[in-house]
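*Asks:* Residue numbers (this note's numbering), protein chains in the order written: chain A, 15 to 247; chain B, 30 to 260; chain C, 23 to 277.
Everything labelled a hint here was simulated from the structure, so no lab data went into it. Among these hints, one or two may not hold up.
[To be verified] Per the computed footprint, the stretches of chain B lying under chain A, defined by three or more beta-carbons under 8 Å from a beta-carbon of chain A, are: (1) 84 to 97; (2) 103 to 111; (3) 125 to 132; (4) 210 to 219.
Note that the coordinates shown come from a computational prediction; the quantities given were computed from them, not determined experimentally. The beta carbon of each residue, even a glycine, is placed where N, CA and C say it ideally should be.
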Amino acid sequence: MKWEQLCQGLAEEGFLRLACDIAPRLIQGTATTFQLTMLAIGLGLAGGILLALGRVYGNKLIYWVSTAYVQFVRGTPVLVQLFLIYYGLPTFEIRLDSLTAAIIGLGLNSAAYQAEYFRGAIQSISRGQMLAARAIGMTNLQAIRYVILPQALRIVIPPWSNELIYTLKYSSVAFIIGAPELMATGQIIASRNFRYFEVFLIVAFIYLVCVLIISKLLDIAEQKLKIPGLEMR
Amino acid sequence: MLDKLLLIWESLPLLIRGAIVTLELTMSLLAIGFVLGLIVALGQVYGPRPIAMLMSGYERFFRAMPILVLLIVFFYGLAFLGVSLPAFGTAVLVFGLHSSAYQSQIFRGSIQAIKPGQILAARALGMTRLQVIRYITLPQALRLAIPGWSNEYSGVLKDTSFAFAIGVTELARQGWQIATRTREMFLVFISVALIYLLLTYLGTWLLELLERYLSVPGLAGQRREEHGRVV
Amino acid sequence: MAVSSKIIVRVEDLHKRYGSEEILKGVSFTVRQGEALAIIGPSGTGKSTLLRCINRLTEPDRGRIWLEETEITSPHTDINKIRQQIGFVFQDFNLFAHLTALDNVRLGLLKVKKLPKKEATERAMHELARVGLAEHAQKYPAQLSGGQQQRVSIARALAMDPKLMLFDEPTSALDPELIGEVLQVMQKLAEEGMTMIVVTHEMGFARSVCDQVIFMEKGVIVEQGPPEQIFTNPQQPRTRQFLGKISELYGGAGR
Ligand SMILES: Nc1ncnc2c1ncn2[C@@H]1O[C@H](COP(=O)(O)OP(=O)(O)O)[C@@H](O)[C@H]1O
Ligand SMILES: [Mg+2]
């Protein structure tokens, strides 16, 4: 056992020093992680809403395509999906840099999961709402736009904030294809100074703090946005 | 076209070998997560306050940590401490700990869903606390947990692909090796994805059969969404 | 209804408080072998608390309870041994949801009394037959009516061969048309000489089946006596008021 070494390493022999040294670069990496997360979740939001509408209101073809997409994505690992996009697409002459590939991959992945939250939310809004909207002369699209979606978006907030946390955590997978986010930054630093454990310990700590803070913020936002009587059943 | 199909056909034995490693990983980590998760759940529900709080902290920590980060930290951490554990073992350990946090939540939910009057009735018959857990709580809680557990299965099955990062030759890495050798990236990774898809649906289908086999009138777990995020 | 002089239960100065509220404020009584005691009174009075103290599902704060010669409240008593000798029937049945009627009755015999399987099965079937449910032995609780579930729970308690049966409002959760079948089983038990304490709002049952009636209110025994006295000539004004209200609610004291 090298406990003494660990303790020394952590206390005197410059663990704090190391942390200070690499902090700027890790902060850079954290920023990229956030950028990646936000873009992916945004892409997932747009895709998720479209997929959900396709599954609820689409004709047979649209229904089957969106359903197949959702099932495929939810049944396969996000890592393999990233491989398909980053290494597989060049087969069709589509070349993306690793960060773009990660954003698109995580976004398309998230879309399939968000689609199910939205579908659940839309379906939990009573048929009566749709009928009432049609009864005052709205078209189908208008009813979706002005009656169904505003409610669905509200209902979907709790599962959606889970999805945000989830995407933040799973954005670390981008490191495997070399996107310069937090984990990859740690990897680069460690490959130079060979202090893998210590560097990744700091990285892990940053993730932990980010996840806990954002969870807390989302909790608060959820409480603020709550409308009585409008919840996912 | 034909030569590409042939390529996949020839790679199939390797892919199957990878799939078997993936399943071994999944089964072992689920087993570890099951035992630890049950202990954590029982500790949270029946334990004295300090134990319950400790268990909640454990659960919170592992749920907040990205699994890939956890895996890498443990991988280098064990080496740093001079513990030599093969990559497969490290993966099972880390995934197992992580899964136990999620499984404890499933079990806690199903333990709390049991009507408390039954516990009183069992105690009134003269059963000890342990007997109540063994004969009343667990048989019901485990049945109620199957739907949630099925979701956990599909979640961890996909997560095992992260073992790629520490060099375990499971399905994703096996595919990676074939893909880089043959340069047929898209084709190989699609095949890999389809195998994962198969494993996901096969596993959840088997668990559904199990659920039906063990079903008791009037005692049903909540149907969760299938293959949903394990959050 | 042969009541012997042997005392089965003795409760002495029982106290129990939850938080700042004192639920039981010194309750004392005895029950003799073969006696059926009815406890009546408004809800929230502490009747359930009292019953649960008797087998220590609730720990009393003060006071002592004996089952024959054994002090239940003594810290040296193995409470699981005592509980085997006291049957408890709950308001909402509390059958084990994952077990058939037969297994509900058999579980205590197998795991607590450690009887061999064959013997346990025979005994359990005998008890189910006694409450008229032999043909339902393989059904799960969810497949039985409320009245049938309550009869299974009585059989479950009887199978342990108890010296005393406690009933906590055994018919209160039942639809009116199902109450009769449960009361019938209880009446038969009383006639066979089972010692029992019954918390109930069924005044007809208390009057015609029980040997003693206790009227409880706000944690104390207000009045105690044979049913004739309590129902036709109550000594305390509170008792009279309570019985008046009950007959208003249920249309006559006898049902
Ligand atoms: N576990 C408990 N914790 C706190 N208060 C309780 C508990 N059990 C019962 N009580 C309170 O004790 C009082 C008496 O309850 P109970 O014995 O159930 O009355 P009864 O059976 O006569 O209706 C009630 O006010 C009830 O709220
Ligand atoms: Mg009561």
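*Asks:* State for each hint whether it applies.
*Replies:* To see whether the hints hold, each was checked on the structure:
1. 84 to 97: holds (count 6)
2. 103 to 111: Holds, because 6 residues of the stretch 103 to 111 of chain B bring their Cβ atoms closer than 8 Å to Cβ atoms of chain A.
3. 125 to 132: violated (count 0)
4. 210 to 219: Coverage by chain A holds for the stretch 210 to 219 of chain B (6 residues, Cβ < 8 Å).
Of the numbered hints listed earlier, the single one contradicted by the structure is hint 3.
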